[in-house]
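Protein chains in written order, with the working numbering: chain A, 1 to 610; chain B, 611 to 1008.
It is possible that some hints are incorrect.
[What the hints assert, rightly or not] Reference listing, derived: stretches of chain B covered by chain A, where coverage requires no fewer than 3 residues with Cβ under 8 Å from a Cβ of chain A:
1) 721 to 729
2) 871 to 878
3) 963 to 971
[Unchecked claim] Here are the in silico distance ranges between beta carbons for each label pair:
4) A:Lys267 with B:Met708: 27 to 33 Å
5) B:Ile974 with A:Ala382: 34 to 40 Å
6) A:Pro45 with B:Lys699: 48 to 54 Å
7) A:Ala382 with B:Lys858: 38 to 44 Å
8) B:Lys1008 with A:Asn381: 53 to 59 Å
9) A:Asn291 with B:Leu676: 40 to 46 Å
10) B:Glu713 with A:Pro248: 51 to 57 Å
Just so you know, these hints were derived from the structure itself, not from any lab. Backbone N, C-alpha and C define an ideal beta-carbon position, used for all residues, glycine too.
Here is what each chain is made of, one letter per residue.
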Amino acid sequence: MSIIADENTRVVILGGQAGINAAKRMGEFCHLVQKPFYVEAFVYPPDAGKSADVNVGSQIIPVPIYKTLDDAVKAHPSINTALIYIGANRAAASAIEAMDNQNIKSISMITEGVPEKDAKLLIRKAKETGKYLNGPSAIGIISPGKCRLGVIGGEYNNLILSKLYRPGSFGVLTKSGGLSNEIIWIISQFADGVTTAVGIGGDSYPVSDFVTYLEMFEKDRETKAVVIVGEMGGNLEEAAAEWFGAKPRRIKLIGVVAGFCQEKLPKGMKFGHAGAKEGAHGEGSARAKANALTKAGAIVPETFGALGPAIKKVYEDLKAVGQITEVEDTHPSELPQLPKRVEESVKAGEIMVEPLIKSTISDDRGEEPLYCGYAASELINAGYDIPHVIGLLWNKRLPTPKEAEVVRRIIMLSADHGPAVSGAFGTILAACAGINLPQAVAAGMIMIGPRFGGAVTDAATYFDYGLRNYPNDIPGFLAHMKKSVGPVPGIGHRVKSLKNPDKRVSELIAYVRRENLTVPHLDYALKVEAITTSKKDNLILNVDGCMGCVLLDMGYPVESLNGFFMLARTIGLIGHWIDQKRNNGRLIRLFNYLINYAVVPKKTVPPLKK
Amino acid sequence: MAKLLEGPAMGLFQKWGMRTPHHLVISDVGQLETLAAANAWMKECKMVVKAHEALGGRFKLGLVKLELDIEGVKKATKEILGRVVDGMKISQVIVAEMVEHEEEYYLAVKSTRDGAEILMAKFGGIEVEANWDKVVRTFITIGEKSTNKQLIDCAEKAGFSGPLAEKMAAFAHSLFDCYDNEDGQYVEINPLVLEKKSGELVALDAVTLLDGDARFRHPDWNFTFASEFGRAYTDAEKQIMEIDSRVKGSVKLIEIPGGEVALLPAGGGASVFYSDAVVNLGGTIANYSEYSGDPPGWAVQALTEKVCALQGIKHIIVGGAIANFTDVKVTFQGIIAGFHKAKSEGKLKGVKIWVRRGGPNEAIGLAAMRELESEGFDIEVFDRYTPLTDIVNMALGK
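Isolated chain B, as found in the complex:
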């Protein structure tokens, strides 16, 4: 799942024939003068400036400025660009036309196992959550297209009538085309508004989730994906994502500041059970990580170094199930090299390491881990005979 920021999302909407407000993404306030000269709307319309980053609650943070003329836009842009929020520097803003409208609607396409659901509602914005049961749905089987009749029926059921129902159906048709052709997973327009001056529907704001795995068949996807949890990726996360994108297997990292238990487990499935075990026992996790698919030792080493650098950690859980084909010796050599490096940089003081693992070359890998004890690491090593998550109980003293 991969989230798009507003700029690239609006670009896709336009590609599939949906109206969006005029907008521009800029990273330097100096660009505004030339852009204003070239874009008539920047002189004619009231505008909004928003931080163009994956941040939740932008309005509260003062990163959205409304009802601006070009001078106001310059001022707002200067104010927002370069601000540091949660350790992340804002490097882009989106400047968009404010669309005058009265009513707000809701339109979404959601992937399901057998196809997709189109969701419509005659109320949009914040009202939609409160009226969730009044949202009207229609289903389209995978591999099929929506029909005009189906969409008009749906719009009418949602309370639209006459030409507006037809406009709604046409817009829904375009949104479905966009979803279907761009490997969408979830596309939600909220609000969808009727522009006063043109009488046409315009998508004001949207959540656009695409399938990152389909990137290979979309050479025109010239955007990077944004994080989906309300903050931008940290440098460490970006570095691990970059490694993940070019190695066999996978390495993953999400930092959760303030946690005491760092996770360095193997396997997409087991890693979640380790997270569960920590949380279940009242512990706090400092990160979510996993490595799997027999990644090269150096990639696991890079992940280990990032995990060792997490602030305030007391434990590192090097857990894992019995691997099918991930080489325990090779991946553990990577982890051990990471531990050595971290120790030489003065990290890991007061941190206890807990190991449990099985799989190809498990005896050699575990023996190498045990040797760390004689080098002064605070480490306990267990094999397959200790149940998967028991090291978490031991670490947390339960």
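Pulled out of the complex, with its shape left as it was, chain A reads as follows:
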């Protein structure tokens, strides 16, 4: 047996993230004891209608979230217990709502910092409704092997070490949350474990007091002894002593009280718990409490350190009179282990995983990104620049200084080409329609293709083909292109011509010549241009063709070449978007006179045939 929390407990948790975290701990407990999950609902208005995922073993259980307690209980009529994780300013109102609910029999209030007046009103309400309210500031309740309410018991490994997977013979009552775990651990070491452990909270006025629980333990035949941990302040320990001494009790009572140090410390000193304070006239001292317990017949070790041996003695005595039979314990290796996360298992070398992707250029698992093995900050400090990063990430090697300079110039020359071209116009059109930056820039990017900016790769591909197959036969190459492909990519410009040359092209060629770079593809393309321009003035080597050849000559993979234009033009597209935003550009709509409406005149719609 156990008290309050058992196999029939069904829980609703009121509150947000703290409540979900507690539910996860409760899910771990269900996995350990191999019992169904008993948290049926959350109440948290901001997330009403959604569900919160809780792991029980490797299974994920979606727990529905409701707007009100009433909604939750109507949908889950088996709910009989509420846990309150709501902020101190609204916790009491929630508790009153829970006590007024027919189905809910017991409540645990985990919330800390609840005003004393609210706690006292809850005490009155609990008396009137006959409900139990554990807390405020309660860590929770655990009945080993059966039910855990809250995070009491701590992490999974502690549940195993403290034998919380099966009941024992000792009840535990503590004000302190941390000490509840410590006492459970001591009992698991010195005796046979726990029936139920209750952390009642360290406030001045815990709603359900020690006596409430002692009476329950007295009726629970499986509980043979109760360990009570009190501290100075209030009179709950005195009340417990009075209850215990009032008549012969079935259970043994072992009690320790904290706060003897108060005798040697400045009066009025404040300890960790709100309730840990002596009264103005010395009432509620640790000594008064310990004396009251001793007088009532409880076993009261002088110090906390003496508690373990005292518990052991009670256990041995109870065994000797046949009240407790020793149980054979399950070996920890026979207990369910908490499933490991994939990451942990991989780290431990226990499993192999088929990777989803493979990456050869970049690694961000350490303190900072590595580009082909080089730390970004070291590259910066060594004076490297953006073209080197491009070289590493696109071509997997550091470019020579001259190569880097070529890339730098290509980016600078291609960054923008005014608002009229397809890319910029696409971005401007989107910007003026109120579209955000990434999407508007993407609208411009979408334009990059065979007719706009996207000819770099194609041009390089065909000039490379020509250089390989028609190295000394330009007319042969042009004939092949005419027959099998069409216009030569990289040759021709809408407005630029021999008389009106593209300065971006002449700049690039001038640099390459000045630095004596070996550029066989560019040389070949210029020979092609010499012939095409003799036929028509505007069939010049355009910027795409020129870039493509030079970059190919530097060893960049042919598929990467459109990337240089995209990268460079992104600078321009972002600029156009910012420009339109700054100017508050108005929505663009084509004027009718810009459209050739080659349409049929208006006609009568015929009736729809059925």
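With chain A's structure known, arrange chain B on it following the hints.
Just chain B, lined up with the frame of chain A:
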């Protein structure tokens, strides 16, 4: 529990319709001239000047001056302001009217589990302690109000009669309203006096303890709380309180000068058992501290630095029970960072560190502590298999 200094306490009394002496809180003697011009009572009445700080035994320390006229008030204020007592500089004085009276009474409201007790006595001041058994009590259930009849009955039982009993009941009613509406825990007026010139009851002095946790519903609480142990908070204590007020979980520090064993334990409950263990073995504690509720590492580091800075310590007890949800790794990282900082500043010389802890990530946290040994710290680290307070026995060699 949170104590109010006299100034804000009297402000609350007035808010709930209780008479108090005329008074002013000042922090600069230069203010007195203009205040005296604006307040008639400062010309007409004899006055008292008191240090407005959380100090016990102010009278003995010469921080209370009686029977003063305005010139006397100026002189007393000059004398008291800026004085340093126990390392604390006095920054405020309260100037109050001296109320002429003959009899002194006692009136208090005390919170109990089921409601509140109103305490009345026909003798006040220092006589009340000697006649404690003659104090008359009446009980009011939580959520209820006191009735006039109940209070008059109580006053009559305490020896008041006729109009005075009615005045007493009315004053008690106001005090209960104040207690009930302001989330009081304990409000004691001693003495409550009958003013000669008006024939009305006036609260001369009071102890006012409010519930600090209720601050969220009192937007007009424009005061800070004072310490309750007869001295002002130290700078280190104030800094930790400030951190405590804005982090998840809690960090707490009270300094106790002269102690040899510094405490840095986890948990509101366990920390008291550690204090008990030291005192029980005849040791002296240099502080009371605790951290709990999974506080962030930096907050624990700040607490650690303050603990390491305590003068004359020989041991630091980094104790703790088996935590429910406080991350041992994270909180220990904070403590370790604090130790590193203290050591780099030349502290921790001749100080031995004792560690015992369990809870989430205990293995990682304890291993990190053990590594400090190789860095030259004098440290011993124990896990859950060593009982909670055994490190105190080891530290004190018992």
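Notebook entry, point to check: Are there hints from earlier that the structure breaks, and if so, what are their numbers?
Noted result: none
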